[in-house]
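Okay, here's what each chain looks like letter by letter:
Protein chains: 2
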Amino acid sequence: MEREVKLYDTTLRDGAQREGLSLSVEDKLKILHRLDEFGIHYVECGYPASNPKDAELFRRLMEIELRNAVPVAFGATRKALIGADKDKGLEELLRAETPAVCLVGKTWDLHVKRALQTQLDENLFMISDSVEYMKKHGRLVFYDAEHFFDAYKSNPRYALETIRAAVEAGADWVCLCDTNGGTLPWEVAGIIVEVKDEIPVPLGIHAHNDSGCAVANSLLAVKEGVTLVHGTINGYGERCGNADLVAIIPALVLKMGIPAVTMESLASLTELSHYVSEIANVKPDNHQPYVGRNAFAHKGGLHISAVLKDPATYEHIRPELVGNRQRIEVSELSGKSTIILKGRELGRDLSKNPEKVQEILRLVKELEHRGYHFEAADGSFELLMRRVLGMHQVFFRLESFRVIMEKREDGKVETEATVKVHCRGKRIIETAEGNGPVNALDRALRQAIGRAYPELEEIELQDYKVLILNPEKATAAVTRVLIESGDGEKTWGTIGVSENIIEASWQALVDSIEYGLLHKKAKPDA
Amino acid sequence: MEREVKLYDTTLRDGAQREGLSLSVEDKLKILHRLDEFGIHYVECGYPASNPKDAELFRRLMEIELRNAVPVAFGATRKALIGADKDKGLEELLRAETPAVCLVGKTWDLHVKRALQTQLDENLFMISDSVEYMKKHGRLVFYDAEHFFDAYKSNPRYALETIRAAVEAGADWVCLCDTNGGTLPWEVAGIIVEVKDEIPVPLGIHAHNDSGCAVANSLLAVKEGVTLVHGTINGYGERCGNADLVAIIPALVLKMGIPAVTMESLASLTELSHYVSEIANVKPDNHQPYVGRNAFAHKGGLHISAVLKDPATYEHIRPELVGNRQRIEVSELSGKSTIILKGRELGRDLSKNPEKVQEILRLVKELEHRGYHFEAADGSFELLMRRVLGMHQVFFRLESFRVIMEKREDGKVETEATVKVHCRGKRIIETAEGNGPVNALDRALRQAIGRAYPELEEIELQDYKVLILNPEKATAAVTRVLIESGDGEKTWGTIGVSENIIEASWQALVDSIEYGLLHKKAKPDA
Numbered sequence: 001m002e003r004e005v006k007l008y009d010t011t012l013r014d015g016a017q018r019e020g021l022s023l024s025v026e027d028k029l030k031i032l033h034r035l036d037e038f039g040i041h042y043v044e045c046g047y048p049a050s051n052p053k054d055a056e057l058f059r060r061l062m063e064i065e066l067r068n069a070v071p072v073a074f075g076a077t078r079k080a081l082i083g084a085d086k087d088k089g090l091e092e093l094l095r096a097e098t099p100a101v102c103l104v105g106k107t108w109d110l111h112v113k114r115a116l117q118t119q120l121d122e123n124l125f126m127i128s129d130s131v132e133y134m135k136k137h138g139r140l141v142f143y144d145a146e147h148f149f150d151a152y153k154s155n156p157r158y159a160l161e162t163i164r165a166a167v168e169a170g171a172d173w174v175c176l177c178d179t180n181g182g183t184l185p186w187e188v189a190g191i192i193v194e195v196k197d198e199i200p201v202p203l204g205i206h207a208h209n210d211s212g213c214a215v216a217n218s219l220l221a222v223k224e225g226v227t228l229v230h231g232t233i234n235g236y237g238e239r240c241g242n243a244d245l246v247a248i249i250p251a252l253v254l255k256m257g258i259p260a261v262t263m264e265s266l267a268s269l270t271e272l273s274h275y276v277s278e279i280a281n282v283k284p285d286n287h288q289p290y291v292g293r294n295a296f297a298h299k300g301g302l303h304i305s306a307v308l309k310d311p312a313t314y315e316h317i318r319p320e321l322v323g324n325r326q327r328i329e330v331s332e333l334s335g336k337s338t339i340i341l342k343g344r345e346l347g348r349d350l351s352k353n354p355e356k357v358q359e360i361l362r363l364v365k366e367l368e369h370r371g372y373h374f375e376a377a378d379g380s381f382e383l384l385m386r387r388v389l390g391m392h393q394v395f396f397r398l399e400s401f402r403v404i405m406e407k408r409e410d411g412k413v414e415t416e417a418t419v420k421v422h423c424r425g426k427r428i429i430e431t432a433e434g435n436g437p438v439n440a441l442d443r444a445l446r447q448a449i450g451r452a453y454p455e456l457e458e459i460e461l462q463d464y465k466v467l468i469l470n471p472e473k474a475t476a477a478v479t480r481v482l483i484e485s486g487d488g489e490k491t492w493g494t495i496g497v498s499e500n501i502i503e504a505s506w507q508a509l510v511d512s513i514e515y516g517l518l519h520k521k522a523k524p525d526a
Numbered sequence: 001m002e003r004e005v006k007l008y009d010t011t012l013r014d015g016a017q018r019e020g021l022s023l024s025v026e027d028k029l030k031i032l033h034r035l036d037e038f039g040i041h042y043v044e045c046g047y048p049a050s051n052p053k054d055a056e057l058f059r060r061l062m063e064i065e066l067r068n069a070v071p072v073a074f075g076a077t078r079k080a081l082i083g084a085d086k087d088k089g090l091e092e093l094l095r096a097e098t099p100a101v102c103l104v105g106k107t108w109d110l111h112v113k114r115a116l117q118t119q120l121d122e123n124l125f126m127i128s129d130s131v132e133y134m135k136k137h138g139r140l141v142f143y144d145a146e147h148f149f150d151a152y153k154s155n156p157r158y159a160l161e162t163i164r165a166a167v168e169a170g171a172d173w174v175c176l177c178d179t180n181g182g183t184l185p186w187e188v189a190g191i192i193v194e195v196k197d198e199i200p201v202p203l204g205i206h207a208h209n210d211s212g213c214a215v216a217n218s219l220l221a222v223k224e225g226v227t228l229v230h231g232t233i234n235g236y237g238e239r240c241g242n243a244d245l246v247a248i249i250p251a252l253v254l255k256m257g258i259p260a261v262t263m264e265s266l267a268s269l270t271e272l273s274h275y276v277s278e279i280a281n282v283k284p285d286n287h288q289p290y291v292g293r294n295a296f297a298h299k300g301g302l303h304i305s306a307v308l309k310d311p312a313t314y315e316h317i318r319p320e321l322v323g324n325r326q327r328i329e330v331s332e333l334s335g336k337s338t339i340i341l342k343g344r345e346l347g348r349d350l351s352k353n354p355e356k357v358q359e360i361l362r363l364v365k366e367l368e369h370r371g372y373h374f375e376a377a378d379g380s381f382e383l384l385m386r387r388v389l390g391m392h393q394v395f396f397r398l399e400s401f402r403v404i405m406e407k408r409e410d411g412k413v414e415t416e417a418t419v420k421v422h423c424r425g426k427r428i429i430e431t432a433e434g435n436g437p438v439n440a441l442d443r444a445l446r447q448a449i450g451r452a453y454p455e456l457e458e459i460e461l462q463d464y465k466v467l468i469l470n471p472e473k474a475t476a477a478v479t480r481v482l483i484e485s486g487d488g489e490k491t492w493g494t495i496g497v498s499e500n501i502i503e504a505s506w507q508a509l510v511d512s513i514e515y516g517l518l519h520k521k522a523k524p525d526a
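First to last, the sequence lines map onto chains A and B. Using the numbering used here, read the first sequence as starting at 1 and increasing by one per residue. Using the numbering used here, read the second sequence as starting at 1 and increasing by one per residue.
So that you can see chain A by itself, here it is in the shape it has in the complex (with noise of 0.2 Å):
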């Protein structure tokens, strides 16, 4: 099915609208050139008449080239019974410059009644005239039918004589909007099926997860002919969010034979959404289609010992075609294949060597019978080897640490931790104050060390989770601590378990700075 099918992202716009996220105008701006590096067609910037942060970026878009991408202005048809020439927002969005407009009209006859207030012929006469207005003005023209395929299963026919207003009057594009995102796969399909050849323009498709059939309802659309995919990375937007353009993408290139980006872009997508979470300090979803870090984690034993033999028996597509990894857990079920195959990310083969897979197996079976989880801590399992395979490099020794905790008669809380600890042949004694026990200690151990190891600072911990094992005995249970860390490179989990939450915390955390202080390949002490 080799064609042509451009992608156009709203991150910057519709994705913006997530609750809790904001960006600034720099955010904007990094993620911008990232999608234009990455070889994503269009990138509605956003809504200059509704949101004066965004009249700001294309303000700053004007000094900026840009290599792929056609930057996209956003904006609304004009208001009823006024000439287009007078409508604001109109004229913000000439105001931004850019070569492309994006105009959203109202399809559906019920919002023209309710939502507008104004005459089914009147929104015509919007649509059209605005259009017109935009072309006059030299624009490449984006036309998004709002609520389309409700308005099409309401009013078909009222439906398409908005899309064909905008037609006439010279729109380049129409984007079918599933704005409620209620519309099921065969509903998209078979609307698709029946309007496109009405519409002498090509079709676009863009999609809200709220029925969660947002990407089969991209891909349907354009299995069915539409040739433009609007979205947003890791499907961010209001609600339930948009189309998630990082699985469509991927499906498109790899399963549909559409060349939508390049294979060499491909192989970045991982990173791609990693970067864009970052930015908007959402935490990646680790089970994300295709980028997410277990989407090729294998666990059970049969699985792994299968997936050795040939992956395409447990996996999809192979990871790396989009920059992600297969992961084998370690957990109670998996065996010695999985053990010889993380040796092998070590550097050994183990395979000549059944007496230490023997040995660690047994230590993980001991260690997970007392609570601990390797699937979610490849950090600390990796230590684990080193430690049995004699490949653990120290960076420094702990003599004692202590945490005094104090809640005042006024209801202050104050937490202050000590750490002794040996380092470059010195004893370093250090005490920091936190919001918690944990918070308090973690700063306290990388004042101590942190001269000796300055790679400490890149070092970041990202993730805190506390899991309590047996939760029956309440405040006395054994506690299960997990910390996710990362270096904007790469991430690792790394584990604790004691019957006290802070002991656990601190296991935690420093198999989380060794880990990073090795993989940063920092001079270990001795």
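It should be emphasised that the hints constitute simulated quantities derived from the structure, not laboratory data. Any given hint could be a false lead.
Since the list gives no way to pick out one identical chain from another, each pair is judged satisfied if it fits inside one copy or across any two copies.
[Claimed, not checked] Here are the simulated DSSO-like cross-link-like pairs (lysine-lysine), alpha carbons at most 27 Å apart as the crow flies:
{"no.": "1", "residue 1": "K255", "residue 2": "K53"}
{"no.": "2", "residue 1": "K113", "residue 2": "K426"}
{"no.": "3", "residue 1": "K6", "residue 2": "K196"}
{"no.": "4", "residue 1": "K136", "residue 2": "K153"}
{"no.": "5", "residue 1": "K88", "residue 2": "K365"}
{"no.": "6", "residue 1": "K336", "residue 2": "K356"}
Position chain B against the provided structure of chain A, taking the given hints into account.
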């Protein structure tokens, strides 16, 4: 399209494969009971042959009664070249003594050769022998055709032969599995159309989400005639998860006219989703279709004014139908009736006291903004209402507490807590050791006020849960602690929120004890 579709939940088996998810036998029983109440038809409880904890679960299952759900035990077809009656796995499966079993078998020639390393014919015997053996022992047999879609694309003749082997041996249902989750919607639909007339027993669908299409694939399968849908609550599962029943069920009932559950059950869908996420200790996805906190949240001013005129303008279904609610980020009008109802439980008619209702609502809103969450903390909520209504009883007053935790050079960890409280006119100072800081505080407090309140002996902390609210801030994040307590008659939940995990635990602990003493009618202090 009114017809019967059965729901088959595999949260306890396939869902438990999710990385980091670990369910105790108690947890699984709790979820099973909830699924049963909700109206799920079949619940796959586990894989007795591969997991000793599951074997224990099946023993416990024999002692309980379910109202709607049929429990299913999961297993694989027999090993190659032995009799079914000699197969350990099938033996364990029978020992589970469930009315129904699910047998998974190889469908894809690649797998038979690479993973099983046996002959194609032997695999057919393995399937028919195993199914026949289970039928001979009176079981309802679900046959899971692993990798069906990949298998059918690669070798349709052999794929169908494997299914025929199962059907001819007596399988009651055949479930088509997209095990690797890579199949696209039109492939699922097209293949089902091709094979459905070839298979004389009812068909099921088991979809994984590796392409982001699991929900759509499941719904399309139903559209094409499948009458059994596999899935998990919240889409939990390995890699990118299984098909999310929480998105599938409302689409079946509300959009496809298939009464898979009653409208009453449907209205508890949000609660079910949150209940399971709480037990699994997975933070709910605020953007989850239908049940997410933001699934019906409106932000843009235009959207809000339209939605207030007519919800259908920007909502694909009415949120109450799935037990969710519209969120408008301006004023909180809802909730009043809940407060009035709660007041009635405390013997107060608040309908005549709107200022108090307002004050409580304002307080709740403020606290929820800071991370409190009263759904699971009825105890803390009642105490909050009592405070506002002047019905608060004081049993003791904290002056201060101090926790000291030390990890000594020999690796030993010691924790002690000192509390200073005022009770019955005395100032009491007590110190206690504990397994961890919270346990030590609990003990010290009980030592201090136990003489004044012998009722305390009957109050037990039964469950203790910790959730990190903004994990991207890692160890400096805000911590929410939930404690469940009981006195043998009733149980109550209390909550604490703080940047400091120990302070959060203390809040929940104090609420737990105050609530307990109040309801044991202990004589207050002042």
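* Asked: Hint numbers the structure violates, sorted upward?
  -> Result: hints 1, 2, 4 break, sorted rising.
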